[in-house]
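Asks: What follows is the residue order along each chain.
Number of protein chains: 2
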Amino acid sequence: MENKFAERACLVNSSETREILKVTERPEVISFAGGLPAPELFPVEALKVACNVVLNEEGAASLQYSTTEGYGPLREAICQRMKAIGITSAINNVLITSGSQQAIDLTGRLFINEGDTIICESPTYLAAINAFKSYNANFVEVAMDNDGMIMEELERKLQEHPRAKFIYTIPDFQNPTGRTLTLQRRKRMIELANQYDVLIVEDNPYGAIRFAGEGIPPVKHFDTENRVIYMSTFSKIFTPGMRIGWICADQSFIDKYVAFKQTADLHTDSFAQRITAKYMELYDLEEHIKKIKAVYKARCTKMLKCIKEFFPENLSYSKPEGGLFIWVELPEGVDSKHIFTECLKNNVACVPGVPFFPNGTQKNTLRLNYSNMPEDQIIEGMKRMGDVLHRELIKRQYVCN
Amino acid sequence: MENKFAERACLVNSSETREILKVTERPEVISFAGGLPAPELFPVEALKVACNVVLNEEGAASLQYSTTEGYGPLREAICQRMKAIGITSAINNVLITSGSQQAIDLTGRLFINEGDTIICESPTYLAAINAFKSYNANFVEVAMDNDGMIMEELERKLQEHPRAKFIYTIPDFQNPTGRTLTLQRRKRMIELANQYDVLIVEDNPYGAIRFAGEGIPPVKHFDTENRVIYMSTFSKIFTPGMRIGWICADQSFIDKYVAFKQTADLHTDSFAQRITAKYMELYDLEEHIKKIKAVYKARCTKMLKCIKEFFPENLSYSKPEGGLFIWVELPEGVDSKHIFTECLKNNVACVPGVPFFPNGTQKNTLRLNYSNMPEDQIIEGMKRMGDVLHRELIKRQYVCN
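Those sequence lines, one after another, are chains A and B.
Each number in the working numbering corresponds to the 1-based position in the first sequence with 1247 added.
Each number in the working numbering corresponds to the 1-based position in the second sequence with 1247 added.
Some hints could be false.
Chain copies aren't distinguished; within one or between two, either way the pair holds.
Unchecked claim - In silico SDA-like cross-links for lysine to any residue, where the CA-CA straight-line distance does not exceed 25 Å:
1. K1251 with A1293
2. K1544 with A1308
3. K1592 with R1410
4. K1295 with G1306
No lab work stands behind these hints: they were computed from the structure.
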């Protein structure tokens, strides 16, 4: 048989990180590699109640085909949640998606022509890179510091790429770095987007998981020209398995998103949408999020303490105020893939940073996840990782011993 | 703001039929327009049990992120179901999708280059047309008779389009015609596909809903060169709201489908997958399907009787042995859109046939759905529709009165 694949088939491959994650699933491995929420916090008992109430009260209607836009009461509840963080929206601005991954993918489908330029943080979220790459986008990376994307760098890139299609940003507790864009920079990003007539795609899955510092309104709050496409998800504050995300944008955009979503999967699981809405009606989601934040704060604090205690001194790392990740920069010249392999021999796992750079630079970085491991495991895993790092950095004479 | 949409954005629009369906949702309308299963047959009580058992036994694991390929025991159960109809497969040949609509969409994404030719039945499933069109496919329609796609016509089209990418077929109780491809033609379709080196995409959502006549193995059963991509769904035999479909194909294809599905939505709702698997473990899905078939058979029989009784004589229609639809061909020159409008004034709805023809021919056709209306409503609705047809056909002097 002749090769039948479309040309775009060569643009995707089973994500490298997912393959890494498979290796790290051995039970003896302490894994900081994934990006999983803590499952022991999922509200299993409350979900049992919500399922029963939905099936008792709404019965067959909750199991039938439904509208592409999503379940009205859920969209309404999302508008209310967004209002609390400074986003004004009506139900027609909200489309329910099958996780925020679908929001990302539909964004690529709706906006990216072959060869279009996407501006993003360097590094950025791997699965967004893969989705946008599948539409044949070019990536222009903007350097970050501890305050997020550097605005002078962004302006320079906008000047160099006047036809850039959008800025893709994860302003809160970014994946993979855990860094947060400051208030000033958010305002400046909007000014630059207006000035250079470029869209902003604000991917904000972690914003609600702030466990330290002051809250900052989302970039969309400062949007003066309806050019920010905001997306978020229940994956980090409720459960990820049910795949409930959403897009909030100008209605002219939402109308087109709806048309593409119709062809993509007709609609998102209507039973899961109703369970999610019913849970919010019967229970206090904010109280639940408080519990998540308390646990993640303790785990993050413990991991940061372990870095100080067990890791060599000549590396830098982010100090997140929320979210799920810490980013480690090793001395230049250290290949984190090698570190990963050595760590795995010692039954501890992390993700090497390379795939988070769309153009594949910077090999000396690591992403650590703290949300998915209890504190005693964090201590043990970080010890193991510290041993590997000391040994490997000594070999390379980066550490005097 | 400058227009930011990608070129492909102009290839999709909110499906015409979905817009029609919105109009028909007024409570006073008797609608034969949709393609909805009968909700009163959804196993609501059994689902309550399945939800509780899943949450009790599997707890948080059922709510966590999971693999793109899908839940192992569900894929295993699907292999068993397919074995019973003559498809030999292993778990690695099966990918769980978010409804079979996603299977269709991913197929477009994986195989269609701009301008590629897709060969299909004339008419064919509207949402497949929309999905493939969004990848800029050209459609070559093959005429049907009551035995499905005509093989001599298919061969002629394959000769005319030697670079055709795939044959898209719905062999069982086709949407919109309700027609079934005969055994002989299935074998011939495989021979032709092998001879002309073209893939076959077998979309088979209705095959299990056969309520009359002899069962025929799926086209994939006759596949000798792994060139049939089979897709099906739980939407018509269980519930559509949870969006559980699947693709069964050669593993080299599945590997690429998995990579695209990762970028599309990471994975299908894992809770819904486990509920579906648990339902099949605890209950007898075949017994449930028997109930569906009995009801649909009665409704189909009633509708066919009403056509004979209330409709003018000079039209033809299909006599399905399963599935959800009857196809009506009005005398040439009658515009079914006009009939639709007149019907709606009389509070009865159908779908005009035009959008089911990818190249927009044949205006004198209608699709009627019988699965979603009780028999008394079928009688009343068909009377109303019969009145309209008599009146409109008299106006055009197609009926002597």
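Asks: It remains to establish, for every hint, whether it holds in the given structure.
Replies: Results of checking the hints against the structure:
1. K1251 with A1293: neither (48 Å within a copy, 43 Å between copies)
2. K1544 with A1308: between (40 Å within a copy, 23 Å between copies)
3. K1592 with R1410: neither (47 Å within a copy, 50 Å between copies)
4. K1295 with G1306: Close inside one copy (15 Å) and across copies (10 Å); limit 25 Å.
Hint violations for this structure: numbers 1 and 3, all remaining hints satisfied.
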